[in-house]
Every structure is written in structure tokens, then in C-alpha cells.
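Using the sequences and the hints given, assemble the complete structure.
For reference, the chains in residue letters:
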Amino acid sequence: MDELLDFLGSTGLSAIGPGEGLMILVGLVFVYLAVARDMEPYELLPIGLGVVVANLPLTGLLVSPVDGTGFQESGVFGIIFHYGLSFWNILPPIIFLGLGALTDFSPVISNPKTLLLGAAAQVGIFVAFWGALATGVFELPEAASIGIIGGADGPTTIFLSAQLAPELLGITAVIAYSYMAAVAFIQPPLMKLFTTKKEREIEMAPPREVSRLEKLLFPTIAMVAIILIVPRSAPLIAMFMIGNLFRESGAVPRLTSAASNEILNIATIFLMLTIGTQLTAERVFQLDTLLILGLGLVAFACGTMGGLLFAKTMNLFLKEKINPLIGSAGVSAVPMAARISHHIGQQSNPRTFLLPHAMGPNVAGVIGSAVVAGVFISLLGAG
Amino acid sequence: MDELLDFLGSTGLSAIGPGEGLMILVGLVFVYLAVARDMEPYELLPIGLGVVVANLPLTGLLVSPVDGTGFQESGVFGIIFHYGLSFWNILPPIIFLGLGALTDFSPVISNPKTLLLGAAAQVGIFVAFWGALATGVFELPEAASIGIIGGADGPTTIFLSAQLAPELLGITAVIAYSYMAAVAFIQPPLMKLFTTKKEREIEMAPPREVSRLEKLLFPTIAMVAIILIVPRSAPLIAMFMIGNLFRESGAVPRLTSAASNEILNIATIFLMLTIGTQLTAERVFQLDTLLILGLGLVAFACGTMGGLLFAKTMNLFLKEKINPLIGSAGVSAVPMAARISHHIGQQSNPRTFLLPHAMGPNVAGVIGSAVVAGVFISLLGAG
Amino acid sequence: MDELLDFLGSTGLSAIGPGEGLMILVGLVFVYLAVARDMEPYELLPIGLGVVVANLPLTGLLVSPVDGTGFQESGVFGIIFHYGLSFWNILPPIIFLGLGALTDFSPVISNPKTLLLGAAAQVGIFVAFWGALATGVFELPEAASIGIIGGADGPTTIFLSAQLAPELLGITAVIAYSYMAAVAFIQPPLMKLFTTKKEREIEMAPPREVSRLEKLLFPTIAMVAIILIVPRSAPLIAMFMIGNLFRESGAVPRLTSAASNEILNIATIFLMLTIGTQLTAERVFQLDTLLILGLGLVAFACGTMGGLLFAKTMNLFLKEKINPLIGSAGVSAVPMAARISHHIGQQSNPRTFLLPHAMGPNVAGVIGSAVVAGVFISLLGAG
Amino acid sequence: MADPDALILTAIGIGIAFGVLVLLLVTVLIIRLISWAINKFTGDDETQSQLTEIQIEPEALSENRDRARAAAIAVTALIETQPHLSRRDQD
Amino acid sequence: MADPDALILTAIGIGIAFGVLVLLLVTVLIIRLISWAINKFTGDDETQSQLTEIQIEPEALSENRDRARAAAIAVTALIETQPHLSRRDQD
Amino acid sequence: MADPDALILTAIGIGIAFGVLVLLLVTVLIIRLISWAINKFTGDDETQSQLTEIQIEPEALSENRDRARAAAIAVTALIETQPHLSRRDQD
Ligand code: NA
Ligand code: NA
Ligand code: NA
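Taken in sequence, the protein lines are chains A, B, C, D, E and F. Those letters in the first sequence? Residues 1 to 383, by my numbering. Those letters in the second sequence? Residues 1 to 383, by my numbering. Those letters in the third sequence? Residues 1 to 383, by my numbering. Those letters in the fourth sequence? Residues 1 to 91, by my numbering. Those letters in the fifth sequence? Residues 1 to 91, by my numbering. Those letters in the sixth sequence? Residues 1 to 91, by my numbering.
Any given hint could turn out to be false.
Derived Cβ-Cβ restraints for the label pairs, each shown as a range [stated by the list, open to error]: (1) C:G250 - B:K319: 25 to 35 Å; (2) F:L33 - C:E203: 14 to 24 Å; (3) B:L13 - E:L29: 17 to 27 Å; (4) F:K40 - A:K321: 30 to 40 Å; (5) C:R37 - F:L33: 20 to 30 Å; (6) B:G250 - D:D5: 41 to 51 Å; (7) A:K319 - F:N39: 21 to 31 Å; (8) A:K321 - C:L290: 51 to 61 Å; (9) C:R37 - F:K40: 14 to 24 Å.
Honestly, the hints are just simulated from the structure, not real lab data. Ideal Cβ positions, reconstructed from N, Cα and C, are used throughout, including at glycine.
Listed below in C-alpha cells is the structure:
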């Protein structure tokens, strides 16, 4: 009968602890938010399912290829984590190729001032960076990986954490995506607090038509310029601009569709599931997690305020005033943050149509956080 | 002129034996069955072409990455076999992600009794398992890999053989797919033999409407429950339920379509071609092959009978009788076996519409064989 | 302040040389030709962008997986080059799977004489091969890699260079694609020079209808026959015929569409970008590059002449004359070369409709150059 | 894992297979109960998901695809009503 | 493989290239013969494939896509017959 | 890379972030100038790309797809003009 005991010993039931049980519930909450509340379903549903799978014991799904000898447990997620993220770190650049092929830079080109809002809104990164250092718990590389949450950009957070603090990759990525899903609750109070009713009612002239030549020249020159200044941002910036050039050139429709559909969807499935599988009980139930949760919120809040206040300051010097509500969209979290600016604007004054204007800082914020990540890597990375 | 001789020596003609020649014909028969007889074309066409390619000598296509040093022959299929199957074993779980995204559990949820038929029909696995042991030729792991043919599920057979008996992977997988293609010839005689005309005419009430909540709760709870009991089935069961949740949630249409189209089709092309390339002459022309052919047929037959007889036994206790013809669909071989139950039912009584009812055991059978595979791996695997 | 200096030292500006600057311009010229002149956009746009990225210093995108220890720079293109080309060489066969699924062999089957034009037009390969040897600069393997440019087939050139002369892979591939893009300028003058007006006006009867059985038997028998004679051409020829059988069988529409869309587009994006990244300044600015440019042009010209002259010679023996203009399409460069034959024909005589006839040699030329590559590999390769 | 005797392995195999699927049978019944209960409380079938208030889709991409599909299906209704629409160029 | 003299290599290269393509030419002629013979026996062009008797496609998936495509092409016929259908919203 | 003091790192980080985006702002203005200049010379908006003289697409593949899409969109116009076309079988 010892085989029977052997078998019973090999079941998950005998090996599961309370921590894992709780984490499975956390995973199911993510699934509920994604499915029933429609909060960032493309991220939170696979992340939630990844959390559930990771906390079911003895599955062998998380075994990293390096540990095993000879035959490998079919550690599907261990393999994707190792080669996709911690060792080669090629999934975030591949996702940026697809996002670039979906991005329209016209709002930025028609209203270049908004680029500054994209920069200002990254200030949240450094507030959280200092907060993390202040706790005395985190070293410089870990503080950077926590700060980047304020960049409100999933792939950039994953890209940086994979290089500077792989053990924090799951936590920082999931917190970044969760706050992006909750940005509709975080930003509006701050937006109303820091702007006057009159400011919120400012109507902006419809953006000018942007020519095809401009939409081609911008990503090309931006790619060369940014990478010359911050070479370590190349894996993200280069792929983003390449995807954008595929789209704007109109000469390679099949490549554009492959990048923005097949490649993006397949990469999203495996990346998000794998991110979820990083949230094992012992990693999550630590004091650090609470700290990072708090610091992440601070980062988002300060980023939002940074964008709003900078927009108000710019208005002091501008003849044609901009509605400061578009400043909060500078954090990126594309396209939710831009929609929120638009929505709050319409609440104050139905005739304001801020969406195209808010997309400017929204997209600029993606470049902003990728550049900051490049700086962190060049100064703190193994480089 | 020695270069000329060198070259002539390097041609396939000089290196091909009668065995390879015969196997190329076998491959072409598979191609004929798939193309002219429309028998499981998605499996038999690429398998047949794989067999042809594998038996053309000196192509270098089968060189496994581990043997080579420095530059590798472009062993396309050697690479896919090594990383996709024998070493990492990630292709079967990826295929199950796609199959899950195509599966509708409503027949099972509306008529849970059919789950038992899915279990009963797996009995064929153990009959063939014992048959294999009885021959005295096969060890326990090999007997398990032969038995699983009775599970009538390609990816599960491949997943198990890759772990327990890699050298039998080609034979067991191809025999499983061939019998699934021939299920329209294997099952009907047994179905008419083991059921009375009256039983075959039993009409079943149309299945009740299943709510979206039920279709979401079932895969979620099933995933956690099954993996807790049989952790080694996780690579198949987890991916299957994740794919199903993508589909039923309706919240991630792009991920569902990527899983059920791009990922499934690309994985099918490379998996089936690679399976075919495992059928080299020296592997096939052995006594074992005949034994496995026989045992596989026994497995399918017993699985069919198991489902039919269990359905008849259930009828002894049921007020609302079920048409036992749906029992044979419990082997899985989705969706052919369900269609055969429906077709034979219509032959006996045109007013019976068994298809939705037969899909219940059909899908349950997939879970059944994946669970049995999990048990085999935990007891016999390197685990 | 030394961190500031550290950072400035890490910027690309401080590390970029004049050579890199010039190469970035070369890359942008490729982009311009692809986008504004619509010259082979699917190849030249990603190649051009790859060239730009490769010459931006310190990005870490080109780091090959073998050099690094522990954490790897996210050398996206270094990884694709290593595993896709120089080490496993699996990208060209995968591209040929897609091309086969897009190819229609009817023109060849309805007019088999055109197969000879496909052979004759490969003569350019050997002219350039001898030219390369004559310079005394190139060894035999390198001369073969330069000669194959005359095969006017991207994947075949890449497949051969990856095995025989990896350091020439970027140069030979980019030159092959550039001349294919410029074939509309290279071929017409030669076509008018080597054919009389009367010959150009020859009208050819519309090709006969080809049955499905013929379209199935041809790729099957061709695959077995060619690989038996030249096993080393199997990675290209086998995948090409497998893709074609998927298409012509009509039994696996989903696999055909996956091969000719998803797989082909995704492979094209990563292959072309990676090819571009091989053109670094120190590789390009050498005497060799000029030599290879010249030899490549000679190869294209001689291939075109070979096809034209052979067609004229065939006419001496043929009752039903063929329009020699279709001979130049034998180089392959599918489908541009066939369109040029058609266009020049229409210029001389509007009633000639050469397109279907020119597709014969055009497709035959693909087989021709793949076979020659197979011969080169078996005689010169590590095999 | 010591090489278990084939008999034990078969017993565990069949036992677990049936055990798991019986467990799933029970799960389905429980789910039916939960779903029935929830319907009673919320008074109607669990709606898809409350659409968050902010729902402006700037990207025309997905709309265009859905519109094309919907249009195509609508036209089938159209053709069924006018059978005389001969299909001249069946590609 | 000893380093063959370039001449031999060229000879083999061109020889094999022509040899293979001549072989394919012969293959095409043989195939034409086989196809002609089969047609004579079976009396008609080799039909697609005898549909196995069991052909009920429960999945609406592929039907839906084919129906949409067929409908779309049908509509082109429709538009050609009624040119007045101006295309207002060409996206 | 010596462990930089956090302050320096923040200064460089914010400085470079703003620096890069200001640089992009200037780039946009330059691009606007270039684009304006080119328009003045070529007299009209930079057309897509002179189509090379040889443009016959033998493959029906892409045409078929575009035709189906165009047809589907055309039909939406059709339906809007005849609202009575009820959608019976919304699958
Ligand atoms: Na950002
Ligand atoms: Na089964
Ligand atoms: Na060629």
C-alpha cells in the first residue's frame, strides 16, 4: 500500500499551506475585477489566473530551466520567465513593437507642448524612488524598480525590474497594472483638488491636421535622438518607433497587422500569465509588499499632480491656455488616463473635447518613463 | 574526380534503404487519407509529410540540438522535438490552451451525469496498459505510454510519452491520431452490438440553457480541484481551463482568438510535422509496432464499450433514461466520437438529436484522460 | 560629480564614430526607398531600420547570447541572429514554408519547358562565384556565398551564408534584396538588348487548365526526387513543398493561412530587422563590400542573360515558339521578375499576356537556386 | 517513486479518474445552486458587467472589424429575402 | 569534404541544377499521363473527396466566417447591379 | 558603475527626461518647418509614393480580402438607407 501513500503524498492537498490558499483567493479577486468589473481585463485576467496556478503546489509549472538536469519538468512558466524576462528580457521589447504599431503620434506632433507634460508626470517615479530609499529596506536598484511603478507603464516596469531587481518583478509589475486599472479612482479626486472650475472648463481648439511626412519623420528622428542620449532605453524605444514606422509608412500593412495583433496578443497571453505566476505566497506576504503598495500609490498620485501643476505653470506663460486636466494623462497608462481627463473635462463643461489633446501627454509619458528606465539601467545596471 | 564521387556519396539515393522507401509510401498513404478521404486532415496530412521527410536520408532535418557542436545542422525538426517535446515538453500544454478556448462546457454543466461516462470510457487505457505488460516486452512506463492511446487524445498521449517513453512518442501519437481518424469505423459496430434497438431510439430532452456565471465558475473550480488532487496533470488541465476562461469571460476577445487561432494553428503545424518525423524505418519495423497497433485498437474498443456499458448501467437507476449511444463519445476524440453517437442515433430514430448530449461525455473524456496521465506521471515519472 | 561623467560616458553621442553616422544615413535611404518609392517595402523597410539600430552605439541590442554570462543584455537581435540564423539556421526554412503556401505551380505544370529556363537563369550564380575567386580575396565558401546572390532569392542567400560565411550574411543578404528591389532597372535594358522586336511580339496561347490531382502530385514527387538527389537542399525544398501541399490540398485551410500569414509575417519582421542589424560600419566600409556589390550585379545580369539566351535557343527546336522575354523571369525574385517580362512584352505588343507564362520560370528559379545552394553546402559545408 | 505494482497503479488510476469526475459532478450541482441563488437576489440574470462610465473607444480599429462582420451577416438576411440575387462571381 | 577544385564544383552545380529540373520536367509529363488515365477510368475530374457520411459541423465558427465572406462577395454583385448605391462612408 | 549618490541619480534622471522631451519638442517644430518647405516646393501634399509603372497584382488573394471588406462596408450604407432590413439571424 505504500504506493497509495506515495500518491497521496504527491497530491497538492497535502502540500498546500494557508498562504497559498489565500493567494489563490487573491488571484480569483483579480479574475473577478477583470471579468465582472471590466478593469483592464487584458492584463488582470491572465495575471489573476497566473496567481492561482502559481499557488497550486507541486505542479512543476514554475521550474526554471537552469535548475533541472536532463529531462525538464514542463515548467512552461519557468521557461517563459527565464528566457522571456530574467535572462534574455526580450518580451517587453516585443510588446513595445506591437504598442508602437498601435500608437498615433499626431496629438504630440500637432501640440508639442504636451511633451513637457509627459516629462513632468514622470516625477512620481523619483518621489517613490526616494520613498523606497527612506524606508531603509531597499537598496538603490530595488528603489529604482519600485519607483518605476510611477511610470504607469507595464512593459517598462517589467523591463527595468527584470534587470535591476528580478525578485521584485512580480510585485512591481502587478502593482503597476493594478493601479493602472484603478486610475479611474486615483486621478479624478486629485484632478478636481488641484484645478479650479474655470481651468477645467477651458476649451481647446481642435488639433491641426498632421501630414504623413511629419508622422514619418517624428518617430525616425526621435528614435535616433533618444537612443544617442540614453542607449540603454534602446530595447524599448527602438522597437516602439519601428512598430510606429511600420504603421505610419502604410507600405507594410501585413507587418503592421502582425505586430499589433498576432505578436502583441500572443506575447500578452504568455507575459501576463507568467507575471501572475511570480506572486507566490512567500514573496507576497512580507512587509515589503505593503511598503511597495504604498509607495506605488504615492508614485501614481505625484505623477498625476506633477502633470497637473506643470500644466498650470505653463498656462502662466501661454497666450492660448491649455486645459490642465490633460496634464494628469502624462503619467501614460495609455489610454485610460487620457479618457479620464476627457471625462472630467466633459463633466465640468460638455463642450470641451479633451481626448485628442490628452493623448499627447499620454503618449509622451510612455517615452518619458522609458527614458527614465534607460537612465536607471545605465547608472545602476550591470552595464 | 574524387569530388564527384564525394558528391555522389552525399546524395540520398546512395544512402536510402528499402525500409526508408517503404516508410515514404506509408507517409504518402497518410497524405492520401487526409486529402482524398478527409480523415482528420489537420493531423494526418502534416504527420504523413513528416514521415516522408524523416525517411529521406542525410537531410540533417532531424539532428537534435544536443548532439551537434558549434554550428548546428539546421535540424528544424530535431530542435522542435527537443525543446517542444522531449526536453521541455511545452507544445502539448500550448495546444491545450487553444483547445480550451474552443471548448464549450455547457453540455457537461447542463447534464453532469455525462461526466461519469467520461470517466468510464477511460477504462480502455488500463486494459491496454495490462495488455502491454502481459506481452512481457514493455516496462511499466512504456506500458503506460501505450495505454494512454486509449485516452483518444493526441496532446495527452504526446505529453505522457514525452516524459515516460520518449522513444515511443512517434509510434503512440501516430497510432492515437490514426485510430481517432478511423473512429467512424471502430465504434459503430460495437455501438450496435452492445445496445438494443429500443435503447438506441431513446429520445433525450433538449439540454437546459446554462448561464454565463455557471460557465465561468465551472472551469475555475474544476482547475483548482483537479490540480490539487493530481498536480502532475496541471500542465494540461491548467492551460485548458485558462483557455476556456478566456473564451467564456468574453472580456478578452483578442486573447481568445489568438489562443484558438494563431497559437493553435502554428503549434499544430510544427507539432504534427515533428510527430511524423519520429517514424523512422528502424523505429517502425519492429515487432513492438504491431503489438502497439493491436493494443491501441483494444484500448479504443474497450473505451467505447466501457462508455456504452456504464451508460446502460446508469439507466437502471435513472428515471429519465439516457440514450447509451452517447456513452461511446466518452473516449473523447473530440468532436468525431460525439458526431458518431449522433449519427447512429439518427439512423435508429430520426427524431433523436444526440449531438449536444454526446458532447458532454466527449469533453469530459478529455479531462478524464488528462487526469489519468497525471496519475501515471506522478507514480512512474521522474517526479 | 563623477556619476555625471560616468553617465555622459555612457551616452551614445560620446561613442558614435563617423562610420556609424554614415551607416545610419544608409539605413534611412533604405527606409526612403521602401516608403516613398515602394521598392520591396516588406524587405527594405525593416532592413533599413535594422541598419539604423545597429549603428547606434551601446544599445546592447546586438549582444549575442554566447558572449554574455549570467544576465544577458536584452540583445533582441543578437538572440534572433544566433538561434534564427548562425547557430540553428531555422528562419529561412520557416519563411520557405510560408512562401510555398503562397506559390501556385500551375504555370510550371501547364508549361514544363519553363523549368529549363529556371535552371538556365541560375548560371549567374557561377559567374559571380568565379568572379569572387578571381579577385583572390575570397575563399571557396565565401565565393559561394557571394555567388548565390545571383539566385535572386533572399531566404536561400541567407540560408547558405549562415552556413558557409556567417560574417558575410548581412552584406550578401542586403545586396540580394536591394538588387531584387532594383530588378525593374537591371533587367529591361538587357531584355531589349538580347531579343529582337519580332521575338518580343511573340504571343503565347493561354496556359491549359491544370487539374487538382496534378497540383498535388507535382510538389509531392518533386520533394522526394530533389531531396534524394540533393539532401542538403531539404531544409528549404521540404518546407516549401509542405507549405504548397497545405495550400493545394484544400483540406487544411487554417494551417495554410497560418503558414502564409501569421508565420510568414512574424518571421519576416524579425528576419529582416536582424539582417539589417548585421550591417555595422566596420563590416560595410571595406573593399570587399564594393567587390560584392559589383559581383552581385554581374550575377543578376548574367542570370537574366542566361534565361533570355536559353529561351532563344529553345525556340530553335520548338514548333510553338515561346516569347524569350519570359526567360529573364527565371532568376526568381518572385514575382517582380515575372511582372517585368509581362510589362516589356506589353510594351512591344499589347496583345501579348506573358504574366502566367513568366511565372513558370519565375517559380522554377526558386527551386533552381535552392538546389544549387544544396550542392554548395554538401561540397563546401561542414557536412 | 518505487516501481508500484501494476495492480495498485490501475486501482489508483481508475479510482482517481472516477473520484475527480464525481467531484466535478458535485461541483456542477453546487454551481447551479450558487447561480440560482445569485439570480434570486439580483433579480435578473447576472448582466455582462457594469460598463465603467468612461467608454469612448478612440481606436476605430475594432469597430471597423465588428461593423464589417455585422454588415456581412445582415446581408445574408438580405439575400435570403431576394433569392433572385444570383451569385455571379463566386471566387 | 576535401576542398574541391572550383571547376569541378561548377560542373556539378550546373549539372545537378539542370539534371533536377529536367527530372521535374519528366515528372510533370508523367503526372499529366497519370491524371489523364485516372480521369478516363473515373469518368470525371477527380472530385474533391468523397465526403464521409458524417458531416454535421456543430461549431458555428467556420460556417460563420465562410458565410460572412460569401455574403460580402454576394453584395458586390448586388452593388454592381444597382450602381446608384453611392458609397457614403468609405472609411 | 560606482554606486552613484541617489541625489545625483535623481538630478540626472529628471534632467535627461526633460532634456530628451524638450529635444523632441524642438524636433517637432523642425519637422513642421521641413514639411511646410517641401509642400511649398512640390506644390501639393507629399503624395503617397509614385507608383512604379509595373503594378499588376496577379495574386487574387489580397484583392479578394479588400473586395470583401469594401463590400461589407458598402452594405452598411445600404442598410442605413433601408432600415426595414430587420436583422433576423444575429448569430
Ligand atoms: Na509613463
Ligand atoms: Na479521453
Ligand atoms: Na533563383
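Hints, verified against the model:
A hinted range of 25 to 35 Å for the beta carbons of C:G250 and B:K319 is inconsistent with their spacing of about 49 Å. Judged by the Cβ atoms, the range 14 to 24 Å given for F:L33 and C:E203 is violated: they are separated by roughly 55 Å. Separated by about 21 Å at the C-beta atoms, B:L13 and E:L29 satisfy the suggested range of 17 to 27 Å. Against the hinted window of 30 to 40 Å, the Cβ-Cβ separation of F:K40 and A:K321 comes to about 31 Å, which satisfies the hint.
Under the hint 20 to 30 Å, the C-beta atoms of C:R37 and F:L33, about 24 Å apart, fit the expected range. For the pair B:G250 and D:D5, the beta carbons lie near 49 Å from each other, so the given range of 41 to 51 Å is met. One distance hint, 21 to 31 Å for the beta-carbon pair A:K319 and F:N39, holds here, with the actual separation near 26 Å. Checked against the hint of 51 to 61 Å, the C-beta distance between A:K321 and C:L290 comes to roughly 59 Å, which is consistent with it.
A hinted range of 14 to 24 Å for the beta carbons of C:R37 and F:K40 is consistent with their spacing of about 22 Å.
Of the hints listed earlier, those the structure fails to meet are numbers 1, 2, in rising order.
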